[in-house]
Amino acid sequence: MDTLRRQEFVKVVKDFTSMASIYLSDDVEAAIRDIAARENIPMARTMYDCILQDLSLAREMKRPICQDTGVIQYFADVGTGFPYLDDIGEVLRDAAVAATLETPLRPNVVEPLGEHNTGNNAGYGAPYIEYDLVPGSTDLRLRMYMAGGGCSLPGRSKVLMPLEGVKGIKDFVYRTIVDWGVNACPPLCIGIGLGTCAATSAMLSKKALLRPIGTHSEYPEVAKLEDELKEGLNSLGIAPLGFGGSNSVLSVNIEAAAHHPATLGVGITTGCWATRKGEIVIHKDLSYEIISHAHALENC
Amino acid sequence: MKKILTTPISYDQIKDLRIGDTVYLTGTLATCRDSGHRRVVQDKRMPERTDLREGAIFHAGPIVGKDADGKQYMVSIGPTTSRRMEMAEADFIEQTGIRLVIGKGGMMDKTAEACRKFGAIHCAFPGGCAVVAAQEVEEITDVEWMDFGMPEAFWVMKVKEFGPLVVSIDTEGNNLFENNKKIYEERLKKL
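Chains as they are written, first to last, in the working numbering: chain A, 10 to 309; chain B, 64 to 254.
Heads up, some of the hints might be wrong.
To be verified - Which residues of chain B face chain A? A partial, calculated answer using Cβ under 8 Å: (1) K66; (2) S73; (3) A193; (4) V229.
Unchecked claim - The list that follows gives simulated cross-link-like pairs (lysine-lysine, DSSO-like), each with its CA atoms no further than 27 Å apart: (5) B:K245 - A:K71; (6) A:K167 - B:K66; (7) A:K176 - B:K221; (8) B:K244 - A:K179; (9) B:K180 - B:K244; (10) A:K239 - B:K173; (11) A:K176 - B:K173; (12) B:K78 - B:K173; (13) B:K66 - A:K176; (14) B:K78 - B:K245; (15) A:K167 - B:K173; (16) B:K253 - A:K20; (17) A:K179 - B:K107; (18) B:K78 - B:K180; (19) A:K20 - A:K167; (20) A:K176 - B:K134; (21) B:K245 - A:K239; (22) A:K233 - B:K65; (23) B:K252 - A:K179; (24) B:K244 - A:K239; (25) B:K253 - A:K233; (26) A:K167 - B:K245; (27) A:K239 - B:K66; (28) B:K129 - A:K179; (29) B:K180 - A:K71; (30) A:K71 - B:K134; (31) A:K167 - B:K253; (32) B:K66 - B:K221; (33) B:K173 - B:K244; (34) B:K173 - A:K71; (35) B:K65 - B:K253; (36) B:K221 - B:K129.
If you are wondering where the hints come from, they were derived from the structure by calculation, not from laboratory data. Bear in mind the structure is a predicted one, so any value in this text is a computation, not a measurement. Just so you know, even glycine gets a beta-carbon here, dropped at the ideal spot from N, CA and C.
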């Protein structure tokens, strides 16, 4: 890939990454405004006022909504016909570094156990990149997530006995949120993965979190569980920010995979009220569409 | 009317505050989180230029920018999870003599006991509202311990009406978030 093309590719991803630290995606923004509008408890209303003021200030001043801009994670669905396969990894890394220095984002990445801060959010395995191949496509569909500290802390994965069933899944999710949800900046976006082992369930839970709010699993029974968990979690009333209110979550999304009959793996990944994620489709000529922030960008 | 605390914070300023009250802070505020607590409590090293007696700390790791004149300013600075500092906070309060700990979420029994014993409070700032908080910082006056990197360094700031700060542990050792936790546990039993 020639130098100019490469610079253009880096700039597209850098601007996209930076943008997602300043503006919430359309689904998260709509969900937080909706939940705030439905809140009546005075302390909770004060907190939602502060949250909405923060969103306006971030937009106005072009600053990251939250100081914890996380560890940057990219999920790349790569068309097998996309012409720059060899370059994607390095381009994403360069884009994350450039977004960190220019926005600026907080340099969070520290080296394993030594805790030395690399100063630019790059390091071994950072930004985190995961690839999926898309046969017959010439596009790169890129989803980005900023994994913050507080909202990553509740994350866990466990393999249940199949006889524990739906009740076992619910108990695991409720227990996790009662113990850890308060500090993860609720109302939360909840991603749940159901799979064979701890690892695949965890990975599916991240995919669930990245799925737009308001979408449902294609399996009717799983979609029903999404609604039941959302209702159950909301009845705990931990939002906003653990001070207590009428709700707890912005969303519950589940990604379920066919699994081993002897295991019922369940993973949970939580995003905060300021879940910063984005989705962009980059075409082979490097023209692009930002899917996640169409409405946010109209108004800026 | 806004209840405003000013540094140095006398015991009188905080003794009648109770959990759930909302206050603001004007004066000097310093960030201190995991590494800073380790340095004070385990390594017995105090910040060299800032006296924390009757002072205030903020569990926070900011994004710091530089303006056109090269002066550093707060871009975004929201609270981090206070519970991570639970292991060290009681000793930190005793050794430094601070009166106000600001963070996210609550802290636990050991910190509540230290607040009661040494006359301090813990307050929660709404998590994630980092641009709101940055707007309440007038200037960065000093920084120490840059060897920890930007998030963990000891940033000293002048703040004006910094808040809202909700009292989560008061000088009697009452604990808002631990009380809330009991409510959530009761609701959980019904599910």
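For each hint, the structure was consulted:
1. Annotation: K66 of chain B was flagged as interfacial toward chain A, and the flag is violated, the nearest CB pair being 14 Å apart, outside 8 Å.
2. Checking S73 of chain B against chain A by beta carbon gives a least distance of about 27 Å; that is not within 8 Å, so the hint is violated.
3. Hint status for A193 of chain B relative to chain A: holds, with the closest Cβ pair at about 4 Å, below 8 Å.
4. Checking V229 of chain B against chain A by beta carbon gives a least distance of about 7 Å; that is within 8 Å, so the hint holds.
5. For the hint pairing K245 of chain B with K71 of chain A, the CA-to-CA distance comes to about 40 Å; that exceeds 27 Å, so the pair is violated.
6. For the proposed pair K167 of chain A and K66 of chain B, the alpha carbon gap of about 47 Å is over 27 Å, so the pair is violated.
7. Our distance criterion of 27 Å between C-alpha atoms is broken by K176 of chain A and K221 of chain B, whose separation comes to about 51 Å.
8. Taken as a hint, the K244 of chain B and K179 of chain A pair is honoured in the structure, with Cα atoms around 19 Å apart against an allowance of 27 Å.
9. Proposed proximity of K180 of chain B and K244 of chain B is supported: the alpha carbons are some 23 Å apart, at most 27 Å.
10. Restraint check: the Cα-Cα separation between K239 of chain A and K173 of chain B comes to about 34 Å, which exceeds 27 Å; the hinted pair is violated.
11. Distance restraint check for K176 of chain A and K173 of chain B: the Cα-Cα separation of roughly 35 Å exceeds the 27 Å cut-off, and the hinted pair is therefore not satisfied.
12. About 19 Å separates the Cα atoms of K78 of chain B and K173 of chain B, which keeps this hinted pair within 27 Å; it holds.
13. At roughly 47 Å between alpha-carbon atoms, K66 of chain B and K176 of chain A are farther apart than 27 Å, so this suggested pair is violated.
14. Note on K78 of chain B and K245 of chain B: the hinted pairing holds, with a Cα-Cα distance of about 25 Å set against a maximum of 27 Å.
15. Straight-line distance between C-alpha atoms of K167 of chain A and K173 of chain B comes to about 31 Å, which puts the hinted pair past the 27 Å bound.
16. Restraint check for K253 of chain B and K20 of chain A: not satisfied, since their Cα atoms lie roughly 52 Å apart, outside the 27 Å limit.
17. For a cut-off of 27 Å, the pair hint linking K179 of chain A to K107 of chain B is broken: about 46 Å separates their Cα positions.
18. Restraint check: the Cα-Cα separation between K78 of chain B and K180 of chain B comes to about 12 Å, which is no more than 27 Å; the hinted pair holds.
19. Using a Cα cut-off of 27 Å, the hinted pair K20 of chain A and K167 of chain A is violated, with the two alpha carbons roughly 40 Å apart.
20. The straight-line distance between the Cα atoms of K176 of chain A and K134 of chain B is roughly 56 Å, outside the 27 Å bound, and the hint therefore fails.
21. Between the alpha carbons of K245 of chain B and K239 of chain A the distance comes to roughly 21 Å, so the proposed pair stays at or under 27 Å and holds.
22. Restraint check for K233 of chain A and K65 of chain B: not satisfied, since their Cα atoms lie roughly 46 Å apart, outside the 27 Å limit.
23. At most 27 Å may separate the alpha-carbon atoms for a hinted pair to count; K252 of chain B and K179 of chain A meet this at roughly 12 Å.
24. Distance hint between K244 of chain B and K239 of chain A is fulfilled; the C-alpha atoms sit about 19 Å from each other, no more than 27 Å.
25. Between K253 of chain B and K233 of chain A the alpha-carbon distance is near 20 Å, which keeps this suggested pair within the 27 Å criterion.
26. Note on K167 of chain A and K245 of chain B: the hinted pairing holds, with a Cα-Cα distance of about 25 Å set against a maximum of 27 Å.
27. Of the supplied pair hints, the one linking K239 of chain A and K66 of chain B is violated, its CA atoms being roughly 38 Å apart against a limit of 27 Å.
28. A C-alpha spacing of about 48 Å is found between K129 of chain B and K179 of chain A, which places the hinted pair above 27 Å, so the restraint is violated.
29. For the hint linking K180 of chain B to K71 of chain A, the alpha-carbon distance of about 44 Å lies beyond 27 Å, and the restraint is violated.
30. At roughly 19 Å between alpha-carbon atoms, K71 of chain A and K134 of chain B fall within 27 Å of each other, so this suggested pair holds.
31. Proposed proximity of K167 of chain A and K253 of chain B is supported: the alpha carbons are some 23 Å apart, at most 27 Å.
32. Between K66 of chain B and K221 of chain B, the direct Cα distance comes to roughly 18 Å. Compliance with the 27 Å bound is thereby established for this hinted pair.
33. Proposed proximity of K173 of chain B and K244 of chain B is supported: the alpha carbons are some 17 Å apart, at most 27 Å.
34. Note on K173 of chain B and K71 of chain A: the hinted pairing is violated, with a Cα-Cα distance of about 40 Å set against a maximum of 27 Å.
35. A hinted pair counts as satisfied when its Cα atoms are at most 27 Å apart, and K65 of chain B with K253 of chain B does not qualify at roughly 39 Å.
36. The hinted pair formed by K221 of chain B and K129 of chain B meets the criterion: a straight-line CA distance of about 17 Å does not exceed 27 Å.
Comparing the model with each earlier hint shows violations of hints 1, 2, 5, 6, 7, 10, 11, 13, 15, 16, 17, 19, 20, 22, 27, 28, 29, 34 and 35; every other hint is respected.
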